[in-house]
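These are the residues of each chain, in order.
2 protein chains.
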Amino acid sequence: MKEGINMKIHPIWNDYPEINNQLLKVDQVIQSHIRIKDKKVRAIINDVVDSGGKLLRPAYALLCSQIGPEQDEDKALAIAAALETLHIATLIHDDVIDQADRRRGKATLNNLFDNKFAIYAGDYLFSVCFSILSEYASSLSHIAYHSRSMEKILSGELEQLHSRFQPPKSVKNYLSRISGKTAQLFALSCYVGAVESKASKQERRRAWNMGHYIGMAYQITDDILDYQGDDEKMGKPVMMDAEQGIYTLPLIYAMQHDPERVSAILNQKQELSSHELDQLMVCIENAQGIEQAQSLAHRYTNKALQQLAKLPDGDYKNTLHQLTNQLLKRTT
Amino acid sequence: MKEGINMKIHPIWNDYPEINNQLLKVDQVIQSHIRIKDKKVRAIINDVVDSGGKLLRPAYALLCSQIGPEQDEDKALAIAAALETLHIATLIHDDVIDQADRRRGKATLNNLFDNKFAIYAGDYLFSVCFSILSEYASSLSHIAYHSRSMEKILSGELEQLHSRFQPPKSVKNYLSRISGKTAQLFALSCYVGAVESKASKQERRRAWNMGHYIGMAYQITDDILDYQGDDEKMGKPVMMDAEQGIYTLPLIYAMQHDPERVSAILNQKQELSSHELDQLMVCIENAQGIEQAQSLAHRYTNKALQQLAKLPDGDYKNTLHQLTNQLLKRTT
Numbered sequence: 001m002k003e004g005i006n007m008k009i010h011p012i013w014n015d016y017p018e019i020n021n022q023l024l025k026v027d028q029v030i031q032s033h034i035r036i037k038d039k040k041v042r043a044i045i046n047d048v049v050d051s052g053g054k055l056l057r058p059a060y061a062l063l064c065s066q067i068g069p070e071q072d073e074d075k076a077l078a079i080a081a082a083l084e085t086l087h088i089a090t091l092i093h094d095d096v097i098d099q100a101d102r103r104r105g106k107a108t109l110n111n112l113f114d115n116k117f118a119i120y121a122g123d124y125l126f127s128v129c130f131s132i133l134s135e136y137a138s139s140l141s142h143i144a145y146h147s148r149s150m151e152k153i154l155s156g157e158l159e160q161l162h163s164r165f166q167p168p169k170s171v172k173n174y175l176s177r178i179s180g181k182t183a184q185l186f187a188l189s190c191y192v193g194a195v196e197s198k199a200s201k202q203e204r205r206r207a208w209n210m211g212h213y214i215g216m217a218y219q220i221t222d223d224i225l226d227y228q229g230d231d232e233k234m235g236k237p238v239m240m241d242a243e244q245g246i247y248t249l250p251l252i253y254a255m256q257h258d259p260e261r262v263s264a265i266l267n268q269k270q271e272l273s274s275h276e277l278d279q280l281m282v283c284i285e286n287a288q289g290i291e292q293a294q295s296l297a298h299r300y301t302n303k304a305l306q307q308l309a310k311l312p313d314g315d316y317k318n319t320l321h322q323l324t325n326q327l328l329k330r331t332t
Numbered sequence: 001m002k003e004g005i006n007m008k009i010h011p012i013w014n015d016y017p018e019i020n021n022q023l024l025k026v027d028q029v030i031q032s033h034i035r036i037k038d039k040k041v042r043a044i045i046n047d048v049v050d051s052g053g054k055l056l057r058p059a060y061a062l063l064c065s066q067i068g069p070e071q072d073e074d075k076a077l078a079i080a081a082a083l084e085t086l087h088i089a090t091l092i093h094d095d096v097i098d099q100a101d102r103r104r105g106k107a108t109l110n111n112l113f114d115n116k117f118a119i120y121a122g123d124y125l126f127s128v129c130f131s132i133l134s135e136y137a138s139s140l141s142h143i144a145y146h147s148r149s150m151e152k153i154l155s156g157e158l159e160q161l162h163s164r165f166q167p168p169k170s171v172k173n174y175l176s177r178i179s180g181k182t183a184q185l186f187a188l189s190c191y192v193g194a195v196e197s198k199a200s201k202q203e204r205r206r207a208w209n210m211g212h213y214i215g216m217a218y219q220i221t222d223d224i225l226d227y228q229g230d231d232e233k234m235g236k237p238v239m240m241d242a243e244q245g246i247y248t249l250p251l252i253y254a255m256q257h258d259p260e261r262v263s264a265i266l267n268q269k270q271e272l273s274s275h276e277l278d279q280l281m282v283c284i285e286n287a288q289g290i291e292q293a294q295s296l297a298h299r300y301t302n303k304a305l306q307q308l309a310k311l312p313d314g315d316y317k318n319t320l321h322q323l324t325n326q327l328l329k330r331t332t
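Heads up: the protein sequence lines correspond to chains B and F, in order. With the first letter of the first sequence counted as 1, position 325 gets the number 325 in this note's numbering; the numbers rise by one all the way through. With the first letter of the second sequence counted as 1, position 223 gets the number 223 in this note's numbering; the numbers rise by one all the way through.
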């Protein structure tokens, strides 16, 4: 296995030296599967992989691989690597689709090169994900979970795109959307970790549910931070969602509270001015949109912790507890 | 298994009723794996799948699944379906990348909807490919072949894109390019067909080589037809490759024959006029570019037939022989 290149693990793991160490190994697994002859092109893909994401999905998979009685670190690392590779591939295509210029404070591939390069780079990483799985997974059914989850995420995206002139304006629609997009991959991560450790059926189901709730809380928190964080911290422009006409939870609450005023701001043809963004923020404040969203994220976190409480005891459990609470309170 | 929808098998199979029948079943396998709730979106994806391609890759896989002693039609059909799904996914992304408006005489997804929809639709079909494989393939190593082949195709594309300001101007570069892009998937198709029938190692290798040579001949012939066919027959504008600055074999021969004149035409900043395209055609004629390319396609076909001759006897062998010769002489 080759050495990881320039890899810096996200500071979120500073307090978890063991996971930090494992995530470095996950990175090495991914890097060792980037088999591109051209050195420059390989360096570009290496860079995307090491672009400083939180590595939450592989971390949850690794933690959940301690639920069952069987421990095979190499296998757990590979599964975690496949999950992160899948995640990065979807991010690259999301950035093309959203025409995003920056992610995690760095220029996106579509910005640095062009959409063509970014599309094939995403496709390439999808294939790397399945290569890793086919090398390390313990059964075909494991790959079936991955591909079915990927299918589910993508069919959700397709349906969403097709109805994009009616963006989700109800809380229910919003939740169903993030359930397909983010929660699916968190659920899968926890589930496959549990499966590889030969956890019981009930434990696997609990791991799945826990992952789902964590993903829901995570995405809601992410969407709140779009209204709260500053540009530098988040690595992406604040209120970008609203500017792009993406209706996330705080905005949906504002819409429900004062539909006329919010619609009047959003239905303009031209880009929103900074004055209009300020007005939108006032509407969200009037509706207590942030507080309501925070409270929902809190409820999902509690549901996740309830599932966790029923899993077999072990050190991993305390870590999962601490980590899941920490995610809720994060500011970046 | 659901009924295929509006499926018309390409007329190339009129003389092969058995394959024609099997390809209808392949279509049903793919369609039954398009699990999208929204009816309109599902109909769009169904349509792309049934858009009248030649289904060569699944046909070769099915024929090669008769090389070995084991015959499992359901499995062979599924493998064939996965290969076609992978092929369609790559075509969808290729069309986004080439900004193609039409394929097979029909509007492309990126044209009908937009790039966003087309990118996710391609991703969706990648995941469907792996879902089918994980359901039917007989081993993890089978999936490894698929993902490694996909990796190889895509890393080739990435390298190609990264050097797109130096398009391949030598025959060697051109061959290496089509070897990655087209021949890899033909080789894989023949190989996995052979593997599933439990063919011997030597037979598998021969199937791989045969597929590789068939793919080379196929792509060269395709590139020749871009200079010969008329728009209606090919379902894409003639000389589109040259217009887009894609250096295929006839043009490379012309370039070698009269570099100054060809460069002068191609190095203009604006789009080529119909007069300039005519001039280019004259250069290709002077270089006997079409004839030289045809002769090379012929040599690859013969190499394929040499590999075929060494495979175990059976009806499939005559069909493969006839089909491979027919592809060389096709006019669409």
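Simulated from the structure, these hints should not be mistaken for lab results. Being a predicted model, the structure only gives us computed values, none of them experimental. There's no promise every hint is true.
Stated by the list, open to error - When the alpha-carbon atoms are kept at most 25 Å apart in a straight line, the in silico SDA-like pairs for lysine to any residue are as follows:
1) F:39 to B:171
2) F:25 to B:148
3) F:106 to B:115
4) B:181 to F:25
5) F:75 to B:139
6) B:181 to F:38
7) F:152 to B:314
8) B:181 to F:114
9) B:37 to F:246
10) F:40 to B:38
11) B:37 to F:97
12) B:172 to F:40
13) B:40 to F:39
14) B:37 to F:170
15) B:152 to F:114
16) F:40 to B:303
17) F:37 to B:38
18) B:303 to B:288
19) F:152 to B:38
20) B:169 to F:97
Claimed, not checked - Label-pair restraints from in silico Cβ distances:
21) B:263 to F:330: 43 to 49 Å
22) B:141 to F:21: 27 to 33 Å
23) B:171 to F:35: 24 to 30 Å
24) F:246 to B:310: 57 to 63 Å
25) F:106 to B:73: 48 to 54 Å
What the hints assert, rightly or not - Now the stretches of chain B that chain F is said to cover, found in silico as 3 or more residues with beta-carbon under 8 Å:
26) 90-99
27) 297-305
C-beta atoms are modelled at their ideal positions from N, C-alpha and C, and glycine is treated no differently.
Verification of the hints:
1. For the suggested pair residue 39 of chain F and residue 171 of chain B, the alpha carbons sit about 23 Å apart, so the restraint of at most 25 Å is met.
2. Between residue 25 of chain F and residue 148 of chain B, the direct Cα distance comes to roughly 22 Å. Compliance with the 25 Å bound is thereby established for this hinted pair.
3. Restraint check for residue 106 of chain F and residue 115 of chain B: the C-alpha separation of about 23 Å stays at or below 25 Å, so the hint holds.
4. For the suggested pair residue 181 of chain B and residue 25 of chain F, the alpha carbons sit about 32 Å apart, so the restraint of at most 25 Å is broken.
5. Simply put, residue 75 of chain F and residue 139 of chain B have alpha-carbon atoms about 17 Å apart, close enough for the 25 Å limit, and the pair holds.
6. Note on residue 181 of chain B and residue 38 of chain F: the hinted pairing holds, with a Cα-Cα distance of about 16 Å set against a maximum of 25 Å.
7. For a cut-off of 25 Å, the pair hint linking residue 152 of chain F to residue 314 of chain B is broken: about 42 Å separates their Cα positions.
8. In summary, the hint linking residue 181 of chain B to residue 114 of chain F is supported, as the alpha carbons are separated by about 20 Å, within the 25 Å threshold.
9. Between residue 37 of chain B and residue 246 of chain F, the direct Cα distance comes to roughly 22 Å. Compliance with the 25 Å bound is thereby established for this hinted pair.
10. Distance hint between residue 40 of chain F and residue 38 of chain B is unfulfilled; the C-alpha atoms sit about 42 Å from each other, more than 25 Å.
11. Taking the CA atoms of residue 37 of chain B and residue 97 of chain F, the gap is about 22 Å. The hint holds against a cut of 25 Å.
12. Among the hinted pairs, residue 172 of chain B with residue 40 of chain F is consistent with the structure: their alpha-carbon atoms are about 22 Å apart, no more than 25 Å.
13. Annotation: proposed proximity of residue 40 of chain B to residue 39 of chain F is violated, straight-line Cα distance about 44 Å (limit 25 Å).
14. Between residue 37 of chain B and residue 170 of chain F the CA atoms are separated by roughly 20 Å; this keeps the pair inside 25 Å, and the hint holds.
15. Between residue 152 of chain B and residue 114 of chain F the alpha-carbon distance is near 21 Å, which keeps this suggested pair within the 25 Å criterion.
16. Of the pairs offered as hints, the one joining residue 40 of chain F and residue 303 of chain B is violated, with about 35 Å between alpha carbons and a cut-off of 25 Å exceeded.
17. A hinted pair counts as satisfied when its Cα atoms are at most 25 Å apart, and residue 37 of chain F with residue 38 of chain B does not qualify at roughly 42 Å.
18. Annotation: proposed proximity of residue 303 of chain B to residue 288 of chain B holds, straight-line Cα distance about 23 Å (limit 25 Å).
19. Note on residue 152 of chain F and residue 38 of chain B: the hinted pairing holds, with a Cα-Cα distance of about 12 Å set against a maximum of 25 Å.
20. The suggested pairing of residue 169 of chain B with residue 97 of chain F is violated, with an alpha-carbon distance near 33 Å, which exceeds 25 Å.
21. Between residue 263 of chain B and residue 330 of chain F, the C-beta spacing of about 57 Å breaks the proposed range 43 to 49 Å.
22. In this structure, residue 141 of chain B and residue 21 of chain F meet the distance hint of 27 to 33 Å, their C-beta atoms being roughly 31 Å apart.
23. Checked against the given bound of 24 to 30 Å, the beta carbons of residue 171 of chain B and residue 35 of chain F, roughly 26 Å apart, stay inside it.
24. Between residue 246 of chain F and residue 310 of chain B the CB atoms are about 59 Å apart, so this pair conforms to the stated range of 57 to 63 Å.
25. Between residue 106 of chain F and residue 73 of chain B the beta carbon distance is about 50 Å. The supplied range of 48 to 54 Å therefore holds.
26. A stretch counts as covered by a chain when three or more of its residues have a beta carbon under 8 Å from one of that chain; for the stretch 90-99 of chain B and chain F the count is 4, and the coverage holds.
27. Under a criterion of three residues with beta carbons nearer than 8 Å to beta carbons of chain F, the stated coverage of the stretch 297-305 of chain B fails, only 0 such residues being counted.
Checked against the numbered hints above, the structure breaks hints 4, 7, 10, 13, 16, 17, 20, 21, 27 and satisfies the rest.
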